[in-house]
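Undergrad: What follows is the residue order along each chain.
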Amino acid sequence: MNFDLTADQEALRDGIRSRCVSRFPMKRVRDGFDRSVWDELGEAGVFSLRADGFGLADAAIAFEELGRALVPGPLVWGHLAAGRAGGITGGIDVVADGPVIVEHLDAIDALAVIDAEGVRLVPAAVIDGAEPAARPLDPLTPVHRVGRLPDGDRIGGIDLLTQWRLEGAVLIGAFLVGIARACTDLSVAYAQERRQFDRPIGSFQAVKHILADMAVRTEVARASVHAAACTVDDPQMEVTRAVSGAKLLAGDAAVTNGLAATQVHGGMGFTWEVDVHLYLKRAWLLGTAFGTSGAHADTVADCLPAKGDTP
Amino acid sequence: MDLKYSESDEAFRSELRAWLARALPELPAHPGREDWKARRRFDTDWQRRLFDAGYAGLSWPREYGGRDASPSEQLVFLEETTAARAPNVGVNFVGLLHAGPTLMTEGTDEQKARHLPAILRGDEVWCQGFSEPAAGSDLAALRTRAVRDGDDYVVTGQKIWCSFGQVGDFGELLVRTDPDAPKHRGISWLILPMDLPGIEVRPIETVLGSSEFSEVFLDEVRVPVANRVGAENDGWRVTQVTFSFERGTAFVSEMVEARRLLDDLAALTADQVDRRELGHIAAELDALWALTKRNVSQAARTGSPGDGALMIKLAYSETRARLGELSLRVLGRAGLDLDAPEVGEMVEERLRTLSLTIAAGTSQIQRNIISERLLGLPREPMMTL
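Respectively, the protein sequence lines represent chains A and B. For the record, in the first sequence the residue sitting at position 52 is 51 according to numbering that gives the first Met the number 0, with numbers rising by one throughout. For the record, in the second sequence the residue sitting at position 68 is 67 according to numbering that gives the first Met the number 0, with numbers rising by one throughout.
Treat the hints as calculated values from the structure; they're not laboratory data. Keep in mind that the hints are not guaranteed to be accurate.
[To be verified] Computed Cβ-Cβ distance ranges for the label pairs, DEER-style:
1) B:351 to A:198: 36 to 42 angstroms
2) B:203 to A:204: 54 to 60 angstroms
3) B:109 to A:198: 26 to 32 angstroms
4) B:317 to A:97: 42 to 48 angstroms
5) A:262 to B:139: 31 to 37 angstroms
6) A:234 to B:239: 37 to 43 angstroms
7) A:204 to B:144: 30 to 36 angstroms
8) B:375 to A:197: 50 to 56 angstroms
Note that the Cβ used here is the ideal one computed from N, Cα and C, for glycine as well.
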C-alpha cells in the first residue's frame, strides 16, 4: 500500500499542468471548444492514455489538471470512446441523465449514446431537428435539445455500459476536483490582494475560514477520486461504492467551492469578466453528468447494511 | 498510487485476526462508565494483553518495546481491531497517542527509559494539563507559574479539561517559567507526577453526566527540574509536537470506529431521505480513510504527513457531527433513553462527540491554522499582543 503519487505520476501531472498553462490560458478557454483543442489534447495523449499503458488513476491525474484549467469540450467522452470511434466524439447517457440535451453537437463528428442495452454510436450528421439553446447555462458548453436520437451502430452491451459509467464518473470527478482547486486558488489570491478596512480581506476569519473549508473539501474529494480510480484499476473493495462516493464528493466540492468563490469575490464575483462564474457553471453542468449527487449517495447507501441486517 | 496491501501486510492481518479471536472472549465484562478504578483496570489490562502479544505501540521503535511496524500494518491493525469490536485505547489515550510520542521526540534518555516501556505495558496512565480557565483557544496565555527553587520548580495554578485526570499517574503539564517574556516564549513542558503533595483533582461533570475530564489545582507543587521536557522556555515548540500527534494521528482510530457506527446505524434505517444522508456520510468517511492512507504514505516517504494531516481533524469532526445528528433523527423517540438496550450507546456517542469540534483545537482554530500555514493568508489583526 502506497497511496502517494509515484514519480511517474508526478511527472505526468506536471507535464499536463504546464501544457495547460501554456496552451490553455483563460483567454483561449473563453473562446470555447473547437477542433484545434481536440487535436492538441490528442497530441498530448489525453485520449489515448490508457491505450498507451496508463491506468485510470493516471488518467484521473491528467483530468484534474484539465479541470483546473477549465479546458472546454467533451473530453471525458473522447477519452472513453478512444479507439472505438474516429473524430470528435461527444456523448450522453439517455437513461440516467433525463431529457436529451446534447453538448457540443455542432463540434462533434459522432455521439456516443448510453442506453438501457449498452452503448451505440450515432454520426452527428444524421441527428436532425436539434434545437440549439441561444443562452446555454455554461457559456463554454453549447447545448442542443434533441427530440429523438437515430439508432446508429451498437458498439457495446451492458459490460461496456457499466465500464463507461464507472470510468466516466471517476474522470468527471477528477475534472471537478480540478475546478474545486481552481476556485480555491482564485479566491486565496483575491483575498490576499483585495483590501478593505485597511487590510487584506484574507486576514479576517470570516473570510479565511471559508477558504480553509474550500481547501479541505478539495483535498478530501481528491483522495476519494484517487481511491476510486485505484479501485477501478485493481478492485480491492466495492468498486461502485468507491466510484459513487468520489463523484458525489467531487461534484459537491466543485459546486460548493464555486459558490464560495463567488462570495469571496464580492461584487466582482457577479461579473462576466471575472472567471469564477465559468467554473461554477461548469460545476453545475458536470453535476448532471454520469450520475447526480443524490443518485450516487443512494448507490453508496445501497452498499451499507439494510434495515434489519446484522452489521 | 496503489491501495493494495502487501503479502506481509495480509500475513500480519491473519495472524492478528487469529489472536483477536482467542483474546477477545477471555476479556472480563466492560465496567460501568463512572467506575473509574475499574475502567482503568480494564483498559490497562487490555493494553497489557496487547503488549504481551506484541501488538502494543505498533509504530513505536523496538528499543522502547514497540513493534516498529510499517504504516500499512498500523492501518491493518485499526481495521481489524475495529471489525472485531476490540476495546479502544480508553484511559491509555494520552500516554499512547500523544505524551509517549512527544517524549520519544523531545524527551531525555532517562525520561524515555522511565516512561515509554511503562506506557506500552499499561503500567502508567497519563493525563493532560494544558488548558486553563483563561487559556483555551489562546493556550499560550496560560498563567500557571513555575518558579525555580534548587532542583525543583514550585508550581502554582489551575488546569482544566484534563483528560483522565482522575486516573492519571503522570500529567503533561504546561507552565510559565518566564513571566516577562512574550507569551509564546516563557512556557515549559513538564512531566507532572500526579501523586505529589499540593495537587487536587476535581472531576468535571460533562453533558454526558460523566467525568472523563477534571480540573486540577496546583498549590506550590514541587516538580523536579529533571522532569522538564525540552529546554526551559522552549515549551511552546514542544507543545506543537504534542499537537501534531494529538490532531494528526490520535483521531485515526476514532475514524475507523465511526465507520462501524455508520454500519450499525444503517441497519436501523429504512427512510430514503435518511439513507441518502447515510450514503453521503459514508462517502466522506471513506474519503477520510483514503486521505489517512495518503498521509501515512507521505509520512513514510518524507517524514511528514503533509497537508492532509492538518485537515483530517477538522473534516472528521464535522462529518462525525452529521453522523451523530442523523443517528438521533433515525432513533427518534427510541433515543430518549440513554440506557435503552441496543441503541443507548449510540445516543451516548452523540453526546460524547459534541466535544470533537472543540477538543484539541476548535474547528475555528483549525481553520485559522489551515488558512495561515497552508494557504499563506495573513494573520488576523490582534486586539492586543
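Undergrad: The structure should be examined with respect to each hint, and the outcome stated for every one.
TA: Okay, the hints, checked on the actual structure:
1. B:351 to A:198: 36 to 42 angstroms: holds, 40 angstroms
2. B:203 to A:204: 54 to 60 angstroms: Taking Cβ atoms as reference, residue 203 of chain B and residue 204 of chain A lie about 28 angstroms apart, which means the hint is violated.
3. B:109 to A:198: 26 to 32 angstroms: With Cβ atoms ~49 angstroms apart, the hint is violated.
4. B:317 to A:97: 42 to 48 angstroms: violated, 32 angstroms
5. A:262 to B:139: 31 to 37 angstroms: holds, 32 angstroms
6. A:234 to B:239: 37 to 43 angstroms: Cβ of residue 234 of chain A to Cβ of residue 239 of chain B: about 41 angstroms, so the range 37 to 43 angstroms holds.
7. A:204 to B:144: 30 to 36 angstroms: With Cβ atoms ~31 angstroms apart, the hint holds.
8. B:375 to A:197: 50 to 56 angstroms: violated, 20 angstroms
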